[in-house]
Amino acid sequence: MPRYRWWSTPAVLFLLGCGGPFPQSTLHPHSDFARATDVLFTDIFWWAAAVFVVVEALLLVALIRFRHREGRPAPKPTHGHTLMEIAWTLAPAAILVFVAVPTVRTIFATAGEGPADALKVDVIGHQWWWEFRYQELGLVTANELHVPLGRAVQLSITSADVIHSFWIPPLGGKRDAIPGHVTRIAFRPDQVGEYAGQCAEFCGASHANMRLRVVVESDSGFGRWATVQLQGPAAPAPGTAADRGKAVFARSACIGCHTIRGVSPGVIGPNLTHVGSRTTIASGLFPNDSAHLARWIGDAPSLKPGSLMTRMQPPLTDADIAALVAYLQSLQ
Amino acid sequence: MTHAASAAAHHTSLGLDSRKMAFWAFIGSECLLFTSLISTYLVYKGKSVVGPYPHEILNIPFTSVSTFDLLMSSLMMVLALAAVQRGDMRWGKIWLFSTALLGLVFLGGQVIEFTEFVHKGLTLQTNLFGCTFFVLTGTHGAHVSVGVLWLLTLWVRALQGKLTQANAMTVEITGLYWHFVDVVWIVIFTVVYLIQ
Amino acid sequence: MKSWLTTTDHKRIGLLYFFTAFAFFLIGGIEALVIRAQLAQPNGHLVTAETYNQLFTMHGTTMVFLALMPLSASFFNYIVPLQIGARDVAFPRLNAFSYWVFLLGGLFLNASWLVGPLFHAGTLNVAPDGGWFGYANLTERQFSPGPNIDFWLLGLQILGISSLAAGFNFIVTILNLRAPGMRMMRVPAFTWMTLVTQFLVITAFPVITVGLAFLMFDRFFGAHFYVHEAGATPILWQHLFWLFGHPEVYILILPAMGIVSDVLPTFARKPLFGYTVVVYSGVLIGFMGWGVWSHHMFSVGLGPIADSVFSATTMLIAVPTGVKIFNWIATLWGGDIRGTTALHFAVGFIAMFIIGGLSGVTHASPPTDLQQTDTYYVVAHIHYVLFGGTIMGLFAGIYYWWPKMTGRLLSETLGKWHFWLQFVGMNLAFFPMHFIGLLGMPRRVYTYSPELGVSDLNLLSTIGAFLIALSIFVFLVNLLRTRTHGQRAGNDPWGGATLEWSIASPPPVYNFSVIPTVANRLPRWKTEHHEPMRDPPATPPAPIHVPGGSWWPMLAAFGLPILALAPLTHTLWLALVGAAVLLAGIYLWAFEPFEV
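Taken in order, these protein sequences are the chains called A, B and C. Residue numbers are given in this note's numbering: position 187 of the first sequence equals residue 208, and the series is strictly consecutive. Residue numbers are given in this note's numbering: position 105 of the second sequence equals residue 99, and the series is strictly consecutive. Residue numbers are given in this note's numbering: position 174 of the third sequence equals residue 322, and the series is strictly consecutive.
Think of the hints as simulated: they come from the structure by calculation, not from any bench. Where hints are given, some of them may not hold.
[What the hints assert, rightly or not] Coverage of chain A stretches by chain C, computed from C-beta distances (three or more under 8 Å per stretch; other residues unrestricted):
#, region
1, 74 to 87
2, 242 to 253
[What the hints assert, rightly or not] A few chain C residues that don't get close to chain B, going by computed Cβ distances all over 10 Å:
#, residue
3, Ala188
4, Asn324
5, Arg326
6, Gly379
7, Met436
All C-beta atoms in this analysis are idealised placements derived from N, C-alpha and C, irrespective of residue type, glycine included.
Assemble the whole structure, with the sequences as input and the hints as a guide.
Structure representation (C-alpha cells):
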C-alpha cells in the first residue's frame, strides 16, 4: 500500500458514511495509469484544501471581527498596499508551481503509449455499444473487454459514428472516440477483478446506456477465454430449442446486423459468436439471462431508447423468441 | 444618419465621434469573424478527398482584375469622402456612385466565377474546398453587397440634397467599412488564390 | 404600454431585461428541477431519455444565454450610465434593438417546446437535444434529423446579434460618455468589468457565429464542415466552440465580480482595496481567457505538449483571480461591516467562488481532468462558479440596486431567508456532485445504475435543488411585497460612494439634472483628501431634452426570427419577408429624426 492511502479522499468518503463497492470509482485505482492520476489528484486536493481553509478562515475572521458595532470609529480609508498585492500574487503562483510540475510529469507518463509488448486492442464506439478488436489474436467481441493481469494494455480508440468517450475509471482516465481519429490510452492493471465503465461524451438518446465492463483475469484465465473466443460458434444439437433458434436467427433480420461466425456476416450490431459467454447484454445494461434476453429481442428500443435494433416486422412469436434465447445462450 | 451633425457636436470623453468608435469596435469584431473563416480555410486546405481541387479551377487572371476593380473602388471612396468633406457635393455624388458601381462590378465578377465553378462541378456539397471556398468568399460577397446598398443609399440621399457636408462623418464611416471589406479581400485573394 | 414598446430609455430597457431574463431563469430552473427529480433515484423514469436530453440542453442554453447574460445586461443597462454620469447609453435605439432581439431569440428557442405538432412530432419532442455545447458531428443532420438542433443553432445566431449590438453600444458608452473628470481610473469597478465583458463579447461571439454558420451550411445545404468522411474533422467545432466558450465563462462571471467589488466597499464603509489591481486583474483575466480554450478538450488527445501548455495557461489564470479574492477580503478587513442582504450575497459569492476556483485547479491538470471531465465533478464545478459565483453576485446586485431601480427597499428579513435557504440549498445540491462525479457518474445521463453507489448522494442533491427553488420563491414573494409594502429608499439608502446614489430613486428620465463633475474615485465619500461632492439639484435648472421612443428597432428585430423560420420550415418566401422587415426597420430607423 502506498503511503498516501490513509488520508486519501476515500477515507473522507468513508467518514461520510457511504459504503458500497463503487465499481466505477476514480478513487479506487487498479492500474498504473489510474494510480498515477490518483496520486496527482490527491496532491492537488490537499493543496486546494489548504488554500480553502486559509482563505475561508480569513474571510470569516474579517466578517466576525469587523462586523458593525455601535460606536465603532469610521474605518480608515485604506486604498491598497503594494507589498501585500505582490505577496498574494506570488503565493498562489508558487503553489501552482507545486501543482504544475507533477502535472507535466504525469502528462508525459500517461500519454497513452504502452510498451512494445503491450496487448493491443482497437476500441470502436458505436451508438450505443462498444466493439473490441484484438488484432494480434484475431478476436472480435463487444461491451466486455477481457485483459490479462500481467501485461500492459494499449487501446487505440475511434468511433464509427459520433464522438464517444471511452472510460473505465478504476483503470484510468478517459479518451474520446472520434470518427476519423485514433486516440490512445495505455495501462497495466494490477488486480484481478471486474471493473465498470461507460461512455462519458454525450452521444445521443441512449448515451446513459452505453456502458461496458473490463474483466481483468490471470494470464491463464485470459488464455482460456481467448481460446474459447477463437473457436467457431457452438452448433446446437438437432431438435433442441437452440437449434430451432438458429433457424429463426437465420431467417430473420438478425443476420443483417450481427455476425455469428459461419452463420451471418452483419457488422452493424455486436458480434454474437460467443454472446453466451458475456455476463451482460445491451452494453452492460442487463444481466445476460433468459428473461432480459427475451425482452431485449422482443423490443429493444423500449429498454434502450433510440436503439437501432428495432422491433421486428412482423413481430417474432413468443415461441420464436424463446428459441432465439436458447440459441444465443448456447453460444458460450 | 440624419443626426450626424448633432451627434458630432456632442461632448465625448475621448473626443472621438461615438458612431465612429462603435464602428471601429464593429470592425474589430468583424476581424475575428473573417479570421475564423480564413483559419478554417487554411486548416482544411488540401484535405478534400475528391476534386475539383483549387489549382484545377481557380482563375487567377480573372480574379486579379476583380481585385484591381475593388482596389479602385477604395480609391473612389477616398475621393468621395474628400469631396463631401470640402462640400463639393457634385463630385461627391459622382464618386459615391462610382464606388458603388465598381462594387457592383466586383459582385458581377463573383457571380460569373461562382456560376463557372458550379458548371465545372464545384458546389457547396462537392468537397471541403467547395465548402470553405464558397462560405468564405460568399461571406465577403455579402459584405460587399451590404456596402453597395449602403453607398447607393448615400448617393440617393445626396441626389435628394439630404446628404451634405454636415454628414461627412456618415460618409467617413461608410468609407471605413468599404476599406475594411477591401482589405479583407486582399487577404482572401492572397490566401485562396495566390498561395496554393 | 406604447411607451414601453417604443422606449429607448436605458432604465426602462434595463427593467425589461430584468423581468424577461428572470422569467427565463425560472423556466431554466424548472427544467433543472425536472432533471433533479429524474435523478433522485437510480433507474428513474419520470421522463424519457429523449425528453431528458432536451431538458439538460435547454437548461444549459437557457441559463447561459437567456438568464445570466441578460440579467447582467439588465444592470449594464440600468446602472452603467448612472455610474458614469450619463443621460443614456451612446445608441439608445440600438439598445432597444438588442433587447427585442434577445426577447425574440429567447422565445424562438423556447417555442421549440411547444411546436412539435407543426413538425409532425409530439409536443416536448423538438426542443434542442444536443447539449448546450452542441458537439459536432452528433449535431449533423445524419445523427440529428429533426428540427431540434435547427432551433438551437438559429436561436443562438439570433441571440448573438443581440449580444454583439449591446457590446458595441456599451463599449462606446463607457469610453465616451463619462461625466467630466471621470477618468478611466475613476470609473467604478462594476462599470470597468462591464467594459471588459463587452470586449470579450464582441471578440468571442463572431467565432461561435462562424462555427454555427458552418453547422447551418452542413444541415441545410449539405456542406461537410464537420463530416469526417469528406476529410473534415468534428474537432473543428470544438475549437471554435471553446474559443468562444471560455471567454463566455468570463462574460458570465466578470459582471458579478464587478457587482461584488461595488457592494463590499459600500457595506464595509471602506474603499475597494487595491482598486487598480482589481481592475487590471479583471483586464488580465479577459486577455488570458483567450489562451485556455483547449482545457475543455484534454480528453480529445491533443498530445502531451499541447496539454502541458494549456494546463499552464489555465493555472496562470488562477493568479489574477486569487488576487481579486484577496483584495475583496482586504476590503472587508478593518471595515465597519453592515450585514445587509446584499452583503450576504456578495460574501456568499466569494465563499462559493473559492470552491469553484479550487475545483477548477484540479481539472486544469490534464491527467486528473481525464478522470473528471464529463462527470458530475465538473457539473459541481460549473455550478459553484455560475450559481455560487454569478447568481450570488447577481442577487447581491439585485438587493443592492433594486431600491435605485424601483424606489423601494426589498425586505431584509425575507432577504436573509432567501440568502440562507439558497446558500444551504446550493451546497446541498452541488457539493455532493463532487463525490458523485469522482465515484464515476458521467454527466448528461438520464439514468444511472444503483450499482454505482451514488443513489443517496443524488437524492441529497435533489433535495438541495428543491431548497434552492424554495429560496427563489421567497425572493419572488419579496419582490411582490416590495411593490406595495417596501420601505421608500430615498436617493441613497446605503451611503454609496458612486454617482448613481446622488440622484432620486428611481431616477428621473434624464438621470442627472446637471451632469456632475467628478474629482475622484469615490465622489460621494469624504476621504482624507476630498470632501464629498454636492448631489445634483432635484429639479433641472433648465429644461432637458429627452429623446422620444421609436418603433423601428423592434420592427428590425422582428425581421430576424422571421428570417430564421425560413430554413427551419424550408420556406423561401419567409426569408424574403424577413429580409424585407429587417431592411425596412433599419431604413426607417436610420432616417427617422431622433435627437440623442
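Here is how each hint holds up against the structure:
1. 74 to 87: holds (count 7)
2. 242 to 253: violated (count 0)
3. Ala188: 42 Å, holds
4. Asn324: Nearest chain B Cβ is 4 Å from C/Asn324, so the label is violated.
5. Arg326: The claim breaks: C/Arg326 does not keep its Cβ more than 10 Å from every Cβ of chain B (closest is about 4 Å).
6. Gly379: 4 Å, violated
7. Met436: At roughly 17 Å from the nearest Cβ of chain B, C/Met436 sits farther out than 10 Å, so the non-interface label holds.
Hints 2, 4, 5 and 6 from the earlier list are contradicted by this structure; the remaining hints agree with it.
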